[in-house]
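Trainee: Sequence:
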Amino acid sequence: MALSPLNQRRWRNFRANGRAFWSLILFCVLFGLSLFAEFLANDKPILVSYRGEFYTPVFNFYPETAFGGDFKTEAIYRDVEVKCLIATGGSEFCWDDPEGYMEEARTNGTVEGEPVETGWMLWPPIPYNYDTPNDIGRAAPSPPDSDHWLGTDDTTRDVLARVIYGFRLSIIFTLIVTTCASIIGIIAGALQGFFGGWLDLIFQRVIEIWGATPSLYIIIIMFAILGRSFWLLVLLTVLFSWTSLVGVVRAEFLRARNLEYVRAAKALGVSNWTIMFRHMLPNAMVATLTMMPFIITGTISTLAGLDFLGFGLPSSAPSLGELTLQAKQNLHAPWLGFTAFFTFAIMLSLLVFIFEGIRDAFDPRKTFK
1 MALSPLNQRR WRNFRANGRA FWSLILFCVL FGLSLFAEFL ANDKPILVSY RGEFYTPVFN
61 FYPETAFGGD FKTEAIYRDV EVKCLIATGG SEFCWDDPEG YMEEARTNGT VEGEPVETGW
121 MLWPPIPYNY DTPNDIGRAA PSPPDSDHWL GTDDTTRDVL ARVIYGFRLS IIFTLIVTTC
181 ASIIGIIAGA LQGFFGGWLD LIFQRVIEIW GATPSLYIII IMFAILGRSF WLLVLLTVLF
241 SWTSLVGVVR AEFLRARNLE YVRAAKALGV SNWTIMFRHM LPNAMVATLT MMPFIITGTI
301 STLAGLDFLG FGLPSSAPSL GELTLQAKQN LHAPWLGFTA FFTFAIMLSL LVFIFEGIRD
361 AFDPRKTFK
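full-length UniProt numbering puts the first residue of the sequence shown at 1, with every later residue one more than the last.
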């Protein structure tokens, strides 16, 4: 579908803003990669070939018995015995000397002189999930090495894997909260500014009371009653974030409701809803988008702050805030602090640059060459 001339001009303005445009490209690449985190960092192989058949452990549950083992629980693919079973086609000798027989099968295609149908596993670049404990053979947290590119945390989990999953979780949380809070805030501000009078007066008093409510305490109390969950945190954050845009949208609608084009539309019988959201809202977008970077960075900071204090997502969740807490508690492991700092710095900077470019693209007074 072709863009309208107005949207084409906006896109040209955004494209001409090099900092915003390249920030968008880099952010899309990073976020796109994080959406496939299971294929980048996982303690399960992406693909397994066993006796001529293919298995996809990333998507499906396979018991150890499917590969010639004894247990009906899910196969632990990082165990040397399971690796041997897959490499040797389920040889019963794997329980005696798994590494030796696995090497013999790979080299000669035989085990104890008997030919076997060898198999293989295709692993992600990082063979650890965000919650995989590792036998590192030394004190944790451990510094970066060839196996753990950003080191491990104090529970021996791979830091890079947690950063990938934590980045995805933070961005998805932020997008959901920002979208929902913006829709509610824009509608509330538009109604107040367009109709004014008692509706505006009552809404303002409600917002003043709601804005004075200690949101952190409410979230802690609700988590204590209902338990921690991602969607409950989204709901509570939206409830306390929607007021951020009300003020600027209300001011723009109060200013525009007596302008000539609004009066003309009313005289022609155009509905109030059409006037507000087709004609007045586009003119209020610059002020609205000016506030958007603050909402986004505030949402990310809220999630990280709650996790840092221990009142956010469940402890098993991949959390950048929890990584920051570990950095504070393990000052002798500076790689944790550097990783948390650069992750937040890059993520927040890219988002701010992108929305600054969007704001300028919607501003009719700015034109980039």
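It is worth saying that the hints were derived from the structure and are not from the lab.
Some hints here could point you the wrong way.
[As the list claims (entries may be wrong)] Label pairs and their in silico Cβ distance ranges:
1. G305 - D131: 36 to 42 Å
2. T274 - P5: 33 to 39 Å
3. F294 - G197: 27 to 33 Å
4. D145 - R12: 44 to 50 Å
5. A140 - L6: 55 to 61 Å
6. V29 - L6: 40 to 46 Å
7. Q8 - S215: 37 to 43 Å
8. N108 - L47: 54 to 60 Å
9. S146 - L33: 34 to 40 Å
10. I136 - F294: 37 to 43 Å
11. E74 - E99: 19 to 25 Å
12. P334 - C28: 43 to 49 Å
13. F341 - E99: 39 to 45 Å
14. L122 - N7: 39 to 45 Å
Source: prediction; values computed, not measured.
All residues carry an ideal CB built from backbone N, CA and C; glycine is no exception.
Trainee: Honestly, which of those hints from before does the structure not fit?
Mentor: 1, 2, 6, 8, 9, 12
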